[in-house]
Each structure stands twice: as structure tokens, then as C-alpha cells.
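Trainee: Count the sequence shown with UniProt numbering and you get residues 1 to 113, in order.
Just so you know, the hints here were simulated from the structure itself, not pulled from any lab data.
Please read these numbers as outputs of a predicted model, since none were measured by experiment.
Among these hints, one or two may not hold up.
[To be verified] Simulated crosslink set (DSS-like; lysine-lysine; CA at most 27 Å straight-line):
| hint | residue 1 | residue 2 |
| --- | --- | --- |
| 1 | 56 | 83 |
| 2 | 54 | 84 |
| 3 | 97 | 84 |
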Amino acid sequence: MGWFSSGSPKPAAPKPSSDGAFEAPNRSDRALCWEARDAFFECLDRNNILDSIKDKDAAERACGRLDQEFQRNCAGSWVQYFKKRRVVEYNKEQTLKRIESEGGEILPPALKR
1 MGWFSSGSPK PAAPKPSSDG AFEAPNRSDR ALCWEARDAF FECLDRNNIL DSIKDKDAAE
61 RACGRLDQEF QRNCAGSWVQ YFKKRRVVEY NKEQTLKRIE SEGGEILPPA LKR
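Put together the whole structure using the sequences plus the hints.
Mentor: Next up, the structure:
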């Protein structure tokens, strides 16, 4: 069985707690989610696709199976968050590189008092 075979265990569906909210995923469920996310994002990188939401058709053609695995192993809200965060982090890195290339200095965040 390979790393990303279809035989990987599916995380259990979240169970409602006594107050009606849902229980948070446990450590192994989170690990499955992150592994699936990383595999999907590596496929996007190999295929030069940054935004899998905006470029949905290209992402589906190139990495559809891994996207399905990602969605199967993570909560829907996590999938959307990670996909959007990928674009935000890329834009942040590009902005920092541009500032530095123009001679600007990146200052560390101020300490809270």
C-alpha cells in the first residue's frame, strides 16, 4: 500500500458534543488532513497552479484525485481555508521579495507590552 492509496483510513465524521457543537478532529485526523493537503499542493506546484479555486478546471485536470483525497480527509471549511491561505502566503512572499529588491528593509514585528 502506497502513501496515498485509496486504502488510507477515512477520518471519522465529527460527532456532536453535549452542547450541540461538533468535536474537534483528533491528532490522527489532523495528520491525515495535512498529508492530503501537502500532496495536493505539491501536485499544484509541479503543474504551476497557484490558485486551485480560481483555476479549478486546470487543478482538477492535473490533480483531481489528490484534491478529492484532500476534501475527503479534511473538513470543508479547512479545505477552503488552506486553498485561500496558499494564495495569500504566496502574495505575501512576493511582496516581501519586491520590497527587498527595491532596497527596502523588512522589520520584525513590534513586541507587545
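Trainee: Out of the numbered hints, which ones does the structure contradict?
Mentor: Those not satisfied: there are none.
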